[in-house]
Structures are given as structure tokens and as C-alpha cells.
Amino acid sequence: MSRARVDHETAFLLHSYPWRETSLIVEMFSREHGRVPMVAKGARRPGSMLRGALMSFQPLEVTWSGKGEVKTLHSASWQGGQALLGGIGLLCGYYLNELMLRLLAREDPHPELFDAYAEALARLAGGGAHEPLLRSFELNLLREVGYAPTLDHDVESGEALREHAEYFFLTERGPVEADAKLGDLPLLPGRALLAMATGDFSSPETLSHAKGLMRRLIQYHLGGQALESRRILMELQAL
Amino acid sequence: MPLLDSLTEALRVLPGVGPKSAQRMAYHLLQRDREGAARLAGTLAAALAEVRHCARCNNFTEAEVCERCLSQQRDASQLCVVEMPSDLMVMESTLAYRGLYYVLMGKLSPLDGIGPRELKFDKLVERATDGMVQEVILATNFTNEGEATAHYLGEMLRARGLRVSRIARGVPVGGELEHTDLGTVAQAFVERRGW
Ligand SMILES: [Zn+2]
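So the protein lines, in turn, are chains A and B.
Just so we're aligned: 34 in the working numbering is position 34 of the first sequence, and the numbers increase by one with no gaps anywhere.
Just so we're aligned: 87 in the working numbering is position 87 of the second sequence, and the numbers increase by one with no gaps anywhere.
Please note that a few of the clues may not be correct.
Claimed, not checked - Once the Cα atoms are required to be at most 27 Å apart in a straight line, the calculated BS3-like pairs of lysine-lysine come out as:
{"id": "1", "chain 1": "A", "residue 1": "K41", "chain 2": "B", "residue 2": "K20"}
{"id": "2", "chain 1": "A", "residue 1": "K41", "chain 2": "A", "residue 2": "K67"}
{"id": "3", "chain 1": "A", "residue 1": "K67", "chain 2": "B", "residue 2": "K120"}
Claimed, not checked - Have a look at the derived ranges for each label pair, beta carbon to beta carbon:
{"id": "4", "chain 1": "A", "residue 1": "H8", "chain 2": "B", "residue 2": "T43", "range": "36 to 44 Å"}
{"id": "5", "chain 1": "B", "residue 1": "V185", "chain 2": "A", "residue 2": "K211", "range": "23 to 31 Å"}
{"id": "6", "chain 1": "A", "residue 1": "E119", "chain 2": "B", "residue 2": "L3", "range": "35 to 43 Å"}
I should point out that these hints are in silico values taken from the structure, not numbers from a laboratory.
Backbone N, C-alpha and C define an ideal beta-carbon position, used for all residues, glycine too.
Working from the sequences, and respecting the hints, build out all of it.
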């Protein structure tokens with residue numbers, strides 16, 4: 001059970017939406033308590049102390065209390081040290097936030113994922129290549145929420161994947177050696193799956209296979225619901 | 001449904017109005033201020049019928065093209081893009097700008113499903129490429145959403161040969177570093193300029 005009051009914990013704002021006339025509901029992702037929805041009372045008033053601090057992609061120090069599902073936010077201040085995101089980095093940030101909003105259960109702590117998220121934001125702000133970073137975060141997230149995909153052995157034969165063999169990836173199970181009777185699933189080279197297993201997304205081949213595979217796995221775990229941020233990122237890139 | 005219930009239900013379209021306040025409003029209109037209620041009903045119907053978006057700046061107007069867009073006093077080579085009509089009013093009260101405007105009526109908000117289609121980016125492109133506009137000034141907010149909006153508008157407009165600028169941000173006029181929020185100071189440092 002959650003304690004009634006949590007003081008000065010590091011958290012990121014994932015999303016917020018208007019609540020009543022002057023307040024906000026904020027979805028925080030805190031290091032020790034995971035995703036926690038809170039009401040930020042009066043945060044939409046012009047002089048509110050919370051108003052300027054409640055910004056996504058910045059590490060915040062927050063204090064909240066409450067025993068119900070939605071807590072009450074008492075204070076939030078910038079910790080500093082994280083440059084603002086810009087351009088495509090922002091859109092990638094929104095995508096990460098939406099993934100976490102959809103896949104993380106409330107008040108389920110994920111300190112390692114929290115650190116991976118902070119690291120990803122720092123790299124996005126530094127202008128790092130975003131594709132490898134997105135793939136590695138997606139895989140991290142799937143593992144954290146208990147959907148770790150098998151990437152290193154054939155789930156039928158139990159044998160380790162071979163670099164030069166080709167595999168089908170069965171969504172609910174994992175890789176099996178490619179076989180014509182399994183129909184037209186995409187073929188994945190063993191070396192790409194093995195690279196993903198070790199978190200190595202440096203080769204363009206791994207990256208392009210990982211993109212399709214992660215999309216398929218995430219869609220499956222979201223029950224086929226589309227991600228808004230992904231649609232919008234694609235529309236923006238097509239401009 | 002009885003009319004009283006329909007009215008309460010209808011009032012809930014207003015932002016921040018829940019069932020309780022809607023009921024209070026309905027009682028107030030019917031019991032205490034029937035004249036005000038009639039005026040509200042009449043004005044609302046008229047506004048709905050008459051108010052539309054200006055074909056050029058997208059702001060609210062009752063004409064096809066608003067007065068500001070038709071004015072000969074404004075510099076047609078500059079187009080300032082703002083999120084909301086209230087932002088336009090702020091820019092106007094500075095008396096620092098003599099160009100024209102485009103009001104987006106929103107900002108990119110990927111988690112709420114607001115993208116380039118919802119914001120009609122194509123209407124802005126059409127406006128900005130009328131042959132008169134030479135510089136587009138992006139004056140969206142310095143929030144993440146405002147920055148994302150400015151970034152993509154900038155890319156899109158530059159690709160069409162327009163000069164694009166972004167309003168500057170930093171320590172407020174008369175502001176002291178000691179009393180300025182950390183984010184502003186940090187960003188003012190990052191965006192420092194030659195002196
Ligand atoms: Zn106009």
C-alpha cells in the first residue's frame with residue numbers, strides 16, 4: 001500500500017489535462033512509485049507556483065499525498081540539468097510518454113526504467129540518433145512490464161539462434177526457424193535477433209528489423225489500439 | 001428528457017463545468033435572470049450563425065476576411081503565427097509589430113491527438129505563400145507543444161523559400177537573475193548572443 005505522503009521525490013511529468021476550472025490532472029512518472037496520477041489544484045491560475053514547473057521532459061522534485069487512486073500534488077520544482085528538447089527530439093519524447101502511459105500500471109515502481117528514460121531524454125536533447133534509442137527503450141519497457149520477448153533461442157526446438165539462419169517471430173511466443181507452412185510472416189535474420197537480445201541496435205539491419213518487430217509486439221500488448229503520437233510523428237515527417 | 005434536464009446537460013459542454021455547476025447555472029438562468037438567459041440564447045445563436053474563421057488569418061470574424069487583414073496600414077510582408085486569439089491581442093498591445101497574423105487556434109499536442117491535420121497546417125502554408133509574405137515570425141508559446149509546433153512550421157515554411165524567425169526568450173525585462181526561474185536562466189544561457 002502506498003504511504004499517505006511522499007516528499008521530494010524525483011519524477012517526470014508524462015501528461016496533463018484540464019480538470020475543473022483551474023486545475024490539472026497530471027500523470028507523473030516517479031522513480032520510486034512509478035506512474036502516479038495526481039491533481040494539481042489551481043495549476044491553471046495565472047500566478048500558480050505549479051504552472052511554470054509542470055513541464056514534461058524535465059526532472060522535477062515533487063511532493064504529493066493521498067491514499068486514493070488520484071493523489072494531491074503539493075509542490076513541484078525543476079531539478080535542472082536536463083536541456084530542453086527540440087524538434088524531432090520532442091516528438092520522440094511524446095512517443096515515450098505515450099508508451100508509458102499505456103503500458104505502465106499505476107503505482108508500480110520501475111526505478112531502472114526511470115533511469116533508462118532519463119538517459120534517453122538526455123540523449124535526445126544531445127541530438128543523438130533517435131531510432132536506436134527508441135528501439136532500446138521499447139525493448140526495455142516490454143521487459144519491465146513483464147512482456148520480455150524471447151530473442152536468443154528457437155521456442156520450438158529450444159536451440160540457440162544461429163547468426164545466419166532466418167526466423168519467423170510468433171507474436172505470443174518468440175522465434176521459430178522459418179518454415180513455409182507458417183505463411184507470410186516477415187523473415188528475421190538470426191544475427192539481428194541476437195543483436196537485439198544484447199541491446200545492440202548499432203547496425204542498420206538490426207534497426208530496421210527491430211522497428212517492425214517492436215511495433216508488432218507493442219500493438220499486440222496494446223490490444224491493437226493505435227498510438228496517437230506515432231501517427232502524428234509520421235504525419236509530420238511526411239510534410 | 002424534461003427540458004430542465006436537457007438544459008443542465010447542454011451547459012456541461014462548457015469547459016470545467018460538471019453536473020453540479022451545470023444544475024446551478026440552469027436554476028440561476030430560469031429563476032433569477034430570465035432576461036439574461038434570453039440574451040444569452042439570442043447572442044449564442046447569432047454568434048454561431050455569424051462568427052467564422054477569417055479566410056486569411058484564421059482568427060474569428062463575421063466577415064469573409066477580417067478588418068485587420070484588409071487594412072492598408074499593415075506590413076503585408078510579415079506574418080506572425082500565434083496559437084490563440086488571446087496571444088494576438090498581447091502582441092497587438094505591445095505596439096511593436098505592424099505586420100499581419102495567422103492564428104493556429106491550437107498547438108501540436110501529440111498525446112491529445114492534435115497533429116498537423118487537426119491544426120490545418122496546409123491553410124497556413126497557403127496563406128504564407130501568397131507571394132506577399134517574406135518573413136514568417138513564429139510566436140507560439142515556449143512550452144514543449146509550442147516549441148514542437150514552431151519547429152515543424154519552420155521546417156515546412158523554410159522548404160517553401162520563406163524567411164522564418166522565432167520570437168526570442170530570456171530573462172524578463174527588469175528581471176533579476178536571482179528571482180528568475182531556473183529553466184529561463186538556463187535557456188537564456190544556452191541561447192546567449194554575441195555582444
Ligand atoms: Zn484576418
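Consistency of the hints with the structure:
1. The hinted pair formed by K41/A and K20/B meets the criterion: a straight-line CA distance of about 19 Å does not exceed 27 Å.
2. At most 27 Å may separate the alpha-carbon atoms for a hinted pair to count; K41/A and K67/A meet this at roughly 17 Å.
3. Between the alpha carbons of K67/A and K120/B the distance comes to roughly 43 Å, so the proposed pair goes past 27 Å and is violated.
4. Range check, H8/A to T43/B: Cβ separation about 50 Å, and the 36 to 44 Å hint is violated.
5. For the pair V185/B and K211/A, the supplied restraint of 23 to 31 Å is violated, since their beta-carbon distance comes to about 39 Å.
6. Against the hinted window of 35 to 43 Å, the Cβ-Cβ separation of E119/A and L3/B comes to about 59 Å, which falls outside the hint.
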